[in-house]
Amino acid sequence: MEKFVRHDGLVAPLDRANVDTDQIIPKQFLKSIKRTGFGPNLFDEWRYLDEGVPGQDNSKRPKNEGFVLNLPRYHGASILLTRRNFGCGSSREHAPWALMDFGFRAILAPSFADIFYNNCFKNGVLPIVLSEDNVEALFQAVEGKEGFRITIDLENQQVIPEAGEPLAFEIDEFRKHCLLNGLDEIGLTLNEADTIRAYEQRRAEREPWVFE
Amino acid sequence: MAGKTLYDKLWNAHLVTEREDGSALIYIDRQIIHEVTSPQAFEGLRMAGRKPWRINASVATIDHNVPTTPFKSAAEIEDETSRIQVQTLQDNTKEFGITEFGIGDVRQGIVHVMAPEQGAVVPGMTVVCGDSHTSTNGALACLAHGIGTSEVEHVLATQTLVAKKMKNMRVSVEGDLGPGVTAKDVVLHIIGVIGTAGGTGYALEFAGSAIRGLSMEGRMTICNMSIEAGARAGMVAVDDVTIDYVKGRPFAPKEADWDKAAAYWRTLVSDADAVFDEDITINAADIRPQVSWGTSPEMVISVDANLPDPATESDEVKRSGMLRAYEYMGLKPGMPVTDIKVDRVFIGSCTNSRIEDLRAAAEVAKGRHKADSVKQVLVVPGSGLVKQQAEKEGLDKIFVEAGFEWREPGCSMCLAMNPDRLEAGEHCASTSNRNFEGRQGNGGRTHLVSPAMAAAAAVAGHFVDIRELGQA
Ligand code: SF4
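Top line first, the protein sequences correspond to chains A and B. Start counting the first sequence at 1; every next residue gets the next number (UniProt numbering). Start counting the second sequence at 1; every next residue gets the next number (UniProt numbering).
Only chain B is shown next, with the shape it has when bound in the complex:
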């Protein structure tokens, strides 16, 4: 019999029951809750007179809506509807007895930054959240994926999810990454190769020596964007990097439990003879720093390339998508990526707002200054703890000296639900994960890049190949 994949193992360990019709109930170990996708779920519980199944399975925080300028209470949030959601989460978590890292709590932050940071997510867990980038947590060898609000309610009420087993796909990145090539470039490159629907219906495992060589933060960046490749869940097998990362975190197992846990976690790897439905290998040396040019994450190319010509695209649906994207983005086929000027820069989001990301951006910003043509450079740490650490290292000063703005943690301009947003027609070098029309503000034009590439664009006023950037 063939061996098991990491996903098979996680699935089997959480299978509560299989029904005759092929659906299954899987047990959910951890649910992360935020203000935007939970109000209707709590309302549903209340209306049905139900209680959460296991209160300590849930952890809540606020992120999508919060201003990134300092505020001390919900009452200080100017936007009325945002204020109501933040307030509603406070009320709901209180009513149902769920832990919330709220306003003023140093642990508050973007759900997918906060959860691993707290050790609220450890290897071998099933993790859900009403947010599609929950896949981020798969970096810890978890089965982690986004769910809708009805499912948030279902998990609250039953601690399970009705699910169907996905297929297995492995993407192995083998070899050494070139200079200036980061986890973000790797995942953008992967999406460029398999497409935004390439992973639909699959659980993705990222493997290979280049992935193993990444830090936990880098692996989270990769798993984060599984959903942009169409896959609900992405994951990386356990190794020393994983175990070292978890050790000592507030929610992590302690003392006698720790050894037992670590021993079990080490089994969370795909067996050597496991069979994947799809198995893709990418040569790390082929990956160059990436920039997205269009309105879908698969519209991405290397910084040293010229924008693609729709005329050479044979798939008609794709070609019309490209033409529409060119129109929206105000760009022309054939132009060099480095000719694209940027108006604003956003460094943050659950993809790239961890300490390592801020260090990479600071390294570029150090001793340099943003170009006059760039209106704003926002640096938004992923959590209060990331912010604290960055300030300890003096990164905030580097940013401020470079003319960047140093903000409070939250989702910010990743989706522009708070006041941080693009004006129509503006181009933004952004470390976030989605370049859809209007994502960062009505009419805004997003280019997805790594933190170092974003900082370099801020300094130059247009995209630059990070590999050609000299010393400041």
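This is chain A alone, in the form it adopts within the complex:
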């Protein structure tokens, strides 16, 4: 997994609540058996005017020029600012894969759906929860000034807008550790293989049917 220590980037504002995973990456693109290549179809139904199908040349498709990610001022954005309950819906990890593939490294919102939130960490995308008020203030700042940038300092757990006060955020210690060091979680867990085996033995005595 790619490390995440400190990131400075252009911010794109997606002013919608309850953005679901069907919106982030529509199901017709889930048929790929790879982890990469989903970026061109991120928010497909909003970004393009026609219906997307896998394997298309996306550069030739008619764009929805009004959609925020298509506005020239947000080209190259790597931080997404959005509203509450982002990533609700299915468990598809294709959602963070698509965001990552497009170039987003962090998402700022008042709240996230559980599974999506979890999936982000497995892919080096950092979801950050900020208060509704702080998110609102950032929306105004970003929309008010072209080229507005934010720096995210994971080590010190701070979101630092180019203007205004730094905002502190919470993150689980284990996740922070994995992101900072780009660790492979499976490898870490397998270090505890003996503990897992001991657990299995205890369980098998109590509930043998589980292991049959």
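Calculated directly from the structure, the hints in this document are not laboratory data. Note that this is a predicted model, so its numbers are computed, not measured. The reader is advised that the hints may include incorrect statements.
[Unchecked claim] To spell it out: a stretch of chain A is covered by chain B in this simulated footprint if at least three of its residues, at any positions, have a beta carbon under 8 Å from a beta carbon of chain B; those stretches are: (1) 59 to 72; (2) 79 to 87.
[Unchecked claim] Mimicking EDC-like on lysine to aspartate or glutamate, the simulated pairs with C-alpha atoms at most 20 Å apart in a straight line are: (3) B:167 with A:172; (4) A:27 with B:278; (5) B:318 with A:15; (6) B:51 with A:194; (7) B:318 with A:194; (8) B:254 with A:205; (9) A:176 with B:18; (10) A:27 with B:426; (11) B:164 with B:278; (12) B:165 with A:132; (13) A:34 with B:43; (14) B:51 with A:132; (15) B:260 with B:239; (16) A:27 with B:18; (17) A:176 with B:20; (18) A:27 with B:20.
Heads up, the beta-carbon is just placed ideally off N, CA and C, and yes, glycines get one too.
Chain A is already provided as a structure; the job is to place chain B with the ligand on it using the hints.
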């Protein structure tokens, strides 16, 4: 000390180790695998040279992508990318030695219908699957939830999951359900009350006399939609209904194990003095048949109501969501639900494709015919076994006589990854669980309802209050 909730008990029983940073490893008893969210996980195993930790912990089947018209081999699947995924699952399960109920196997079906049906999920288990509706299995007093593909790989490799304990929420539905009110209406009503993010961060327990009065199928319908209320996991405590359901299923414990198992399972209830972080009580008598009108499952109202007015919504974020939904759905505030015309009807999905659901739809369809204005009515059983049972009862004939199409098992128009889909602008009465924009086809407009309400809409050409439907 306060007693324990059902979730506390399940969590404690599966705790392998707690780490200093507050995260924990929990043991996973059962993983269900399907073709869409597993290829990258198997690929990850291969690349790292890892093997599955415990092969018999996993069961696989195909559902999301499969056509619902008969086919005999992967080669017959027309859509190339679907074919590749179905084929890839076959190859992966073979390579790693995992049981798969594949093409032509009567046990094949939607993951969350197949697993309980086979007894592959029994009370007290932790169950995961790369699909958010894994919560369905919580109806059997399991800790069951969806996971992402990296976690599918993690569970395959280690049989554990890095997890953090959730908070406890109980939703009790007390009293008797009115006529025409089904499990689907109950859960839609609950989502309307607590909202689509109301359960975020919680494990939900559904309790109360109305829930206990439901069959296992009904409880599965309720737990299925926990995720639409924001909760990864939903569950119902063990009682006689649970134990009777599990008994005799192919994977269920047998002989000496059975008595021991059943005795243990009976302890899987929340203690009387358990404390919940949130405790909500709903009066069953308040629940009427439900229809969703918008593009989020919380945008739901009773069939006898008029569509809500965004002007009266004080929360600005919600109001703009409503306005966007009205535009997408092509509907107007204030119009009666029963004025909404439907173009297609879908009866199926892991929410409502079990035998009981098909019986309820057939009861309405019997002796009636779909309205001419309705282009298509799809009935898609949840598994090969459900299909077989329905045919034994003659339900297929009732449907066909009513002008409904009787299909092969799979997810079908629930998410339209296969050829079953809506055209832009079409309204669909659907027994599935998500009404997001484009869910059932680009530009399609989904209305979530119970199987009986869906069948009634098919017959009338618009939504009707099932309670006012006379005899055919
Ligand atoms: S029926 Fe629908 S919700 Fe259920 S598993 Fe299939 S696609 Fe997901």
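Query raised in the report: Which numbered conditions among the earlier hints are violated in the structure presented, ordered from lowest to highest?
Result: Hints 1, 4, 7, 12, 14, 16, 18 are the ones this structure does not satisfy, whereas the remaining hints hold.
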